[in-house]
Amino acid sequence: GEDVEQSLFLSVREGDSSVINCTYTDSSSTYLYWYKQEPGAGLQLLTYIFSNMDMKQDQRLTVLLNKKDKHLSLRIADTQTGDSAIYFCAEDRYGNNRLAFGKGNQVVVIP
Amino acid sequence: KAGVTQTPRYLIKTRGQQVTLSCSPISGHRSVSWYQQTPGQGLQFLFEYFSETQRNKGNFPGRFSGRQFSNSRSEMNVSTLELGDSALYLCASSLGLEDTGELFFGEGSRLTVL
Chain A
1 GEDVEQSLFL
11 SVREGDSSVI
21 NCTYTDSSST
31 YLYWYKQEPG
41 AGLQLLTYIF
51 SNMDMKQDQR
61 LTVLLNKKDK
71 HLSLRIADTQ
81 TGDSAIYFCA
91 EDRYGNNRLA
101 FGKGNQVVVI
111 P
Chain B
1001 KAGVTQTPRY
1011 LIKTRGQQVT
1021 LSCSPISGHR
1031 SVSWYQQTPG
1041 QGLQFLFEYF
1051 SETQRNKGNF
1061 PGRFSGRQFS
1071 NSRSEMNVST
1081 LELGDSALYL
1091 CASSLGLEDT
1101 GELFFGEGSR
1111 LTVL
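Protein chains in written order, with my numbering: chain A, 1 to 111; chain B, 1001 to 1114.
Hints listed in this document are in silico derivations from the structure and should not be mistaken for laboratory results. Note that the structure is a prediction, hence the values are computed from the model and not measured. Hints are supplied without guarantee of correctness; some may be wrong.
Stated by the list, open to error - Quick look at which bits of chain B chain A covers, simulated, 3 or more residues with Cβ under 8 Å:
1) 1013 to 1021
2) 1030 to 1043
3) 1053 to 1066
4) 1072 to 1085
Glycine included, every Cβ here is placed at the ideal spot set by N, Cα and C.
Build out the structure end to end from the sequences listed, making use of the hints.
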């Protein structure tokens, strides 16, 4: 099947904003998710957005959803060194207990 | 409350052997999903169990199997190991209801096949 697409690498200076983009595949997906994976760890859910919303803000995180283009983005304001990780977008293409993940986007925060 | 616990964290096997990985979900969670993570293929869904029944299955060969016990703990088994089975195997638990589908992941079991 089609893959959820993400760009691979982003470096950002501490204090700047980071934007990570994702193109998902199924317009009927109900929820879209952003997960974070730190080295040697499992995945941690950062935030999710319901498909009938355009935007969701949660503290330093802002999720934008363009359903027409199937484009999802995550903006991290005031990026900190603890934000260095791999970020995965995911969609519940097959149901909410079977997610389809992108390949991930590695974010490196430079002090 | 305790998170998702996976054991073992690391293991090394040789081709042809079999391996069993264990996952203890968060207390009260009835759904356990398994994912394989490799650098080339990323995160791929293996299967999901809910109340001891396999509810969803990904596109993996029959060498990959799993089960869930009455206490919601789950095991997955890979038989006749191949080099390409080297991966991080992640388990995730959830309530299993039709809601936001938040998955809570364990730290994974890293399998190396020699």
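Results of checking the hints against the structure:
Counting residues of the region 1013 to 1021 of chain B whose C-beta sits closer than 8 Å to any C-beta of chain A gives 0, which falls short of three, so the coverage hint is violated. Using a Cβ-Cβ cut-off of 8 Å, 5 residues of the region 1030 to 1043 of chain B lie near chain A, which meets the minimum of three, so the contact claim holds. With a cut-off of 8 Å between beta carbons, the region 1053 to 1066 of chain B has 3 residues touching chain A; three or more are needed, and the interface restraint holds. Counting residues of the region 1072 to 1085 of chain B whose beta-carbon sits less than 8 Å from any beta-carbon of chain A gives 0, not enough to reach three: the coverage restraint is violated.
Of the numbered hints stated above, those contradicted by the structure are hints 1 and 4, listed in ascending order.
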